[in-house]
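Put chain B on the given structure of chain A with help from the hints.
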Amino acid sequence: MVKLYIDNKEINVPEGTTILDAAKANQISIPHLCYLKDLNEIGACRICVVEIEGINRLVTACNNVVDEGMVIYTNSPKVREARRINVELILSQHNANCATCVRSGNCSLQDIANDLGILDVRYKKELPHEKWPTDFPLIRDYEKCIKCMRCIQVCDKIQDLQIWDIANTGSRTNVNVSRNRKIEESDCALCGQCITDCPVGALRERDDVQKAFDALADKDKITIVQLAPAVRAAWGEHLGVSREFATVKRLVAALRKMGFDYIFDTNFAADLTIMEEASEFLEKLKNKENEKFPMFTSCCPGWIRFAKTQYPDMVDQLSSAKSPQQMFGAISKSYYAKLLDVDPSRIFNISIMPCVAKKYEAEVPILKDAGAGQDVDLVLTTREVQRMIRAENIVLEALEEEEFDMPLGVSSGAAVIFGVTGGVMEAALRTAYYFVTGENPDPDAFKDVRGREGWREAVFDLAGTKLKVAVASGLGNARRLIEALRKGKVKYDFVEIMACPGGCAGGGGQPIEDGKELAGVRGEVLYGLDRLSDIRFSHENPSIIKCYEEFLQKPLSHRSHKLLHTDHHVW
Amino acid sequence: MSRLRMITRDKAQATVEDLYKDLERRIVASPPGLCPVDLASSFLKMCHAQTCGKCVPCRIGLGQLENLMEDVLNGEATLKTIDLIERTARSIYNTADCAIGYEAANMVLKGVKGFRDDFEEHILRDRCTFGLYQPVPCVSLCPAGVDVPGYIALVSEGRYEDAIRLIRKDNPLPAVCALICEHPCETRCRRNMIDDSINIRGLKRFAVENAGKVPPEKRAPSTGKKVAIVGGGPSGLSAAYYLSLMGHDVEIFEQRKKLGGMLRYGIPSYRLPREVLDEEIDVILSTGVKVHLDTKVGKDISLRDIKEKFDAVYIAIGAQSDKKIGLEGQDAAGIISAVEMLRQIGDDEYPDFTGKSIVVIGGGNVAMDVARSAVRLGAEKVSIVYRRRKADMTAMKEEVEGAIAEGCEIFDLSVPGKIETDENGHVKALWIKPQIVGPIKEDRPIPVDSGKDSIRIECDLLITAIGQGIESKDFEKDGIPVKEGVIDAFDWSGVRDVPGFFAGGDCVSGPATVIRAIAAGKVAAANIDEYLGYHHVIKTDVKIPEPRLADRLPCGRVNMKERVASERIKDFELVEIGMSYDEAMQESRRCLRCDHFGFGVFKGGRKETW
Numbered sequence: 001m002v003k004l005y006i007d008n009k010e011i012n013v014p015e016g017t018t019i020l021d022a023a024k025a026n027q028i029s030i031p032h033l034c035y036l037k038d039l040n041e042i043g044a045c046r047i048c049v050v051e052i053e054g055i056n057r058l059v060t061a062c063n064n065v066v067d068e069g070m071v072i073y074t075n076s077p078k079v080r081e082a083r084r085i086n087v088e089l090i091l092s093q094h095n096a097n098c099a100t101c102v103r104s105g106n107c108s109l110q111d112i113a114n115d116l117g118i119l120d121v122r123y124k125k126e127l128p129h130e131k132w133p134t135d136f137p138l139i140r141d142y143e144k145c146i147k148c149m150r151c152i153q154v155c156d157k158i159q160d161l162q163i164w165d166i167a168n169t170g171s172r173t174n175v176n177v178s179r180n181r182k183i184e185e186s187d188c189a190l191c192g193q194c195i196t197d198c199p200v201g202a203l204r205e206r207d208d209v210q211k212a213f214d215a216l217a218d219k220d221k222i223t224i225v226q227l228a229p230a231v232r233a234a235w236g237e238h239l240g241v242s243r244e245f246a247t248v249k250r251l252v253a254a255l256r257k258m259g260f261d262y263i264f265d266t267n268f269a270a271d272l273t274i275m276e277e278a279s280e281f282l283e284k285l286k287n288k289e290n291e292k293f294p295m296f297t298s299c300c301p302g303w304i305r306f307a308k309t310q311y312p313d314m315v316d317q318l319s320s321a322k323s324p325q326q327m328f329g330a331i332s333k334s335y336y337a338k339l340l341d342v343d344p345s346r347i348f349n350i351s352i353m354p355c356v357a358k359k360y361e362a363e364v365p366i367l368k369d370a371g372a373g374q375d376v377d378l379v380l381t382t383r384e385v386q387r388m389i390r391a392e393n394i395v396l397e398a399l400e401e402e403e404f405d406m407p408l409g410v411s412s413g414a415a416v417i418f419g420v421t422g423g424v425m426e427a428a429l430r431t432a433y434y435f436v437t438g439e440n441p442d443p444d445a446f447k448d449v450r451g452r453e454g455w456r457e458a459v460f461d462l463a464g465t466k467l468k469v470a471v472a473s474g475l476g477n478a479r480r481l482i483e484a485l486r487k488g489k490v491k492y493d494f495v496e497i498m499a500c501p502g503g504c505a506g507g508g509g510q511p512i513e514d515g516k517e518l519a520g521v522r523g524e525v526l527y528g529l530d531r532l533s534d535i536r537f538s539h540e541n542p543s544i545i546k547c548y549e550e551f552l553q554k555p556l557s558h559r560s561h562k563l564l565h566t567d568h569h570v571w
Numbered sequence: 001m002s003r004l005r006m007i008t009r010d011k012a013q014a015t016v017e018d019l020y021k022d023l024e025r026r027i028v029a030s031p032p033g034l035c036p037v038d039l040a041s042s043f044l045k046m047c048h049a050q051t052c053g054k055c056v057p058c059r060i061g062l063g064q065l066e067n068l069m070e071d072v073l074n075g076e077a078t079l080k081t082i083d084l085i086e087r088t089a090r091s092i093y094n095t096a097d098c099a100i101g102y103e104a105a106n107m108v109l110k111g112v113k114g115f116r117d118d119f120e121e122h123i124l125r126d127r128c129t130f131g132l133y134q135p136v137p138c139v140s141l142c143p144a145g146v147d148v149p150g151y152i153a154l155v156s157e158g159r160y161e162d163a164i165r166l167i168r169k170d171n172p173l174p175a176v177c178a179l180i181c182e183h184p185c186e187t188r189c190r191r192n193m194i195d196d197s198i199n200i201r202g203l204k205r206f207a208v209e210n211a212g213k214v215p216p217e218k219r220a221p222s223t224g225k226k227v228a229i230v231g232g233g234p235s236g237l238s239a240a241y242y243l244s245l246m247g248h249d250v251e252i253f254e255q256r257k258k259l260g261g262m263l264r265y266g267i268p269s270y271r272l273p274r275e276v277l278d279e280e281i282d283v284i285l286s287t288g289v290k291v292h293l294d295t296k297v298g299k300d301i302s303l304r305d306i307k308e309k310f311d312a313v314y315i316a317i318g319a320q321s322d323k324k325i326g327l328e329g330q331d332a333a334g335i336i337s338a339v340e341m342l343r344q345i346g347d348d349e350y351p352d353f354t355g356k357s358i359v360v361i362g363g364g365n366v367a368m369d370v371a372r373s374a375v376r377l378g379a380e381k382v383s384i385v386y387r388r389r390k391a392d393m394t395a396m397k398e399e400v401e402g403a404i405a406e407g408c409e410i411f412d413l414s415v416p417g418k419i420e421t422d423e424n425g426h427v428k429a430l431w432i433k434p435q436i437v438g439p440i441k442e443d444r445p446i447p448v449d450s451g452k453d454s455i456r457i458e459c460d461l462l463i464t465a466i467g468q469g470i471e472s473k474d475f476e477k478d479g480i481p482v483k484e485g486v487i488d489a490f491d492w493s494g495v496r497d498v499p500g501f502f503a504g505g506d507c508v509s510g511p512a513t514v515i516r517a518i519a520a521g522k523v524a525a526a527n528i529d530e531y532l533g534y535h536h537v538i539k540t541d542v543k544i545p546e547p548r549l550a551d552r553l554p555c556g557r558v559n560m561k562e563r564v565a566s567e568r569i570k571d572f573e574l575v576e577i578g579m580s581y582d583e584a585m586q587e588s589r590r591c592l593r594c595d596h597f598g599f600g601v602f603k604g605g606r607k608e609t610w
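Chains A and B are the protein sequences, given in the same order.
Under this note's numbering, residues 1 to 571 are what the first sequence spells out, in order.
Under this note's numbering, residues 1 to 610 are what the second sequence spells out, in order.
Read the hints as simulated data drawn from the structure, not as lab findings.
Hints are all accurate, no fakes.
One side of the interface only, derived from the structure: several residues of chain B facing chain A at Cβ under 10 Å: (1) C35; (2) L39; (3) E121; (4) H122; (5) F130; (6) H596; (7) F602.
Cβ coordinates follow ideal geometry from the N, Cα and C atoms, glycine included.
So here's chain A without its partners, still in its complex pose (with noise of 0.2 Å):
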């Protein structure tokens, strides 16, 4: 242990502990801006910074640690003059147009600014110009860029894409696409990690509300909501109402509200998708000596396009299944335009999605199997949709819960859980399982794939068959687990990966709370609903049941293949 003083009081920590760290363990706060725990401590914007008693100059507290016998000061005279000028010079570079900022109200820069009670600045204003194309599902504002770092640091440490990088060098430096491309021309995934760790308003999703209130505007338009897993477990953060309070419920009440014509659940789908790909799975372990194995989940749209773009070679073995989202556009614009008698092209469908990848994905040209123009017309992020409840002023105390429409809001626990890393192996084993042996098993038989590590890994017995199986969520653990597979290192059957650290839950299109990782607590919430259900099974739920007898036939039929699998080579 370690003592030492900071501002007058005696504080013990062990060796090795931050200066910020030891402050903020006894109740002592010290503003910080770039720094982001275990992946930014590089004291970039020197807004940290405190006095030390015997050193003339100041120390940033997030990357220095204690010492015997340290005296401390957080706000000295000293620390307050550099502090103050240190936030007033970011501003000098920063477009600070609150009012019109994505960020305002949740921006860390705005905070500590507004905590200093900077109300001048008193700099000239130089404000970088570059040009970002605007019709890009990630948006790059680099009027707003603090050149944190932070962007660079969790492409390269978390995802492994190293798409940021410093550009430029002397007062000109700028963060950048990497190797002078453009984010076109670059392999991003499109995962939005680097928008959740931004302090600031420099990366955000490109905003599609204004299309979402047209087509309501549109008496011709049939809109057709649907809403991602992972989204009922964190559309109510920074709203002002609990976790609790916040449940899908509400949500397709605020919905309802809005104007929406019918509000479905993307869980209908991922039962659809459990049932094409589990067939496909053990159609697969059928023909063991033709096929390649593993075999990947294709539902995340970040994996797809890291794996197209990394892995090329390696496509063959990504599940034909498409993703829930494109399976219910396929799906409402054909079997549901059938039952509620319309022409399918007036069907707007909006689907609510915890991701950036997304809005990509529905615009991928050959996505359009329903014969109605795009499957999925509009893509919007949790963040989105949480602007338009703002923006409709509606009283979220005042919401009573409402139900999903029917018959596509009908959906399983397996279906809930596609949204935390992992839930898309355990469901498709229940499913499988039932497939194999005509008996459904314990329905947390396949637990063992749930947990926080990166990559995991399980062994089931499936009816005589040992399955060897691995999850993985985030870029760069889903490399490491493709390099060992690849040097032989390892050997599986089945392996889900989803591009977002924790899965869906910790999307690049969720709520930002700087510094905080909220996927753990929402995963919870989504274990938790699974665990809550009538249902279990995909196979059980009766709207799938339904829609096979009435449409499809059966997992894997012509039909299925037309509308819900898809040819990765072709995009």
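Same frame as chain A, but now just chain B:
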């Protein structure tokens, strides 16, 4: 009223003079990878501040050039702007009245020629091709990439053994380098911005001297693969060490009686004591390396035989042959090459030069080595003849100073003209032609004949030290490609078009430094390992201390001291005196820890494995 007055400096001017010095030191410590256009533009701004304001081209032109350069940097220029920059600079060069103007313009012209690509990148894509990827100057300038801030921090905490283990991760010859490395790591040390570079080599020596015997790292499980190394010099030994740690069976083929190459047969023991070298080699061999001494590849064993018996071969034969001076009578008795003499000493056969007059031709480290050895061998008079100025010598400054202190006379600006022999055909004197210093070509002024009469230097022995060549003939016959006298190998050490063969060190680069040879051995080890189908990782578990938090106040650099000349010329014992404990502590604490403070903490600050 006084007719004349003394010029006195006011406070402002004195401060400016001080700032000039700050700036000079700052430029020395400039890291690689900065945007050249940005730098050129900044230099131009300073040049413009120097203008007296009398003449148009300088007063106005430099400012307009600055504006144009800024347009380029701000993405507000077209390709025509480069043309205008060039024309304007040319015009300023042609018309400015004094050097303040025309040399500033010349700098811009050099830039437009030297990094035109980057100008275009800024204009066409609004980006720079450069990037700051080498944030720790000492590490990036060390060819072997040794973790300098890491081991300096360990020294400052008294963890000498860990310091040695950390160095060995990238360089298996720390004791050798502690004494004779040319320390490129020190050239752009950021500490220059405050006072002076850190004495890195001196601190390494302190670590070596205080660490005791440090066993090598653990060897990986045996792979059963066999690697032959041709040449037991620094490059071969380095490759052997790492390949052996990786679990490969390594055998070194060395043509001489002992290992060490130029470390033994080129560097006299007063700079690198034999026992230090032997101890260091023993550590490397203790990892399980086998050695075949007195075995010349191409004579005692053919390259073909080696190829059959081994899975990979590393050729590191160095540069062993001497170059002739090209004068009539160069083969006369009493004329020997430096290589020959040092080789003899390397095998502990010390010739007796008592009472002899000796002339050494050359201005490199080898010339100083033979001259200073000759003094120790009893020579009465040692003269060093060099065609350029003393300041242009390629030998390290301390070597030249050492030679002078030990009584060697330097005849600089003197070109050997004629060899005079006696009736027995033995050298009797060297006639030298005095030169004057001439124009600068490729950074060095060339000597020009002064037209004065030749001077006669009487001598009993003439030693030539004008460079070395590579004995590549035997290898060329066996199919190893040779280009311009050196083995044709890639920068990853693979020999062109000959799979399984790797080459590095002096035999590829031409005569260079020990640390470059070591680096080549390290590169070869990594790529041989990959070639053999492995990916062994070299690392260490040494934990680097957290940096000290303290103000970095200006403090003088501890320079190495030497034994007094009159004493040291009596023996071949080590000349240099190591740092004291107090000196080492003070010096190690001067380190700015660029791995933690600055860009290094973000990217590229520490490479823990390779």
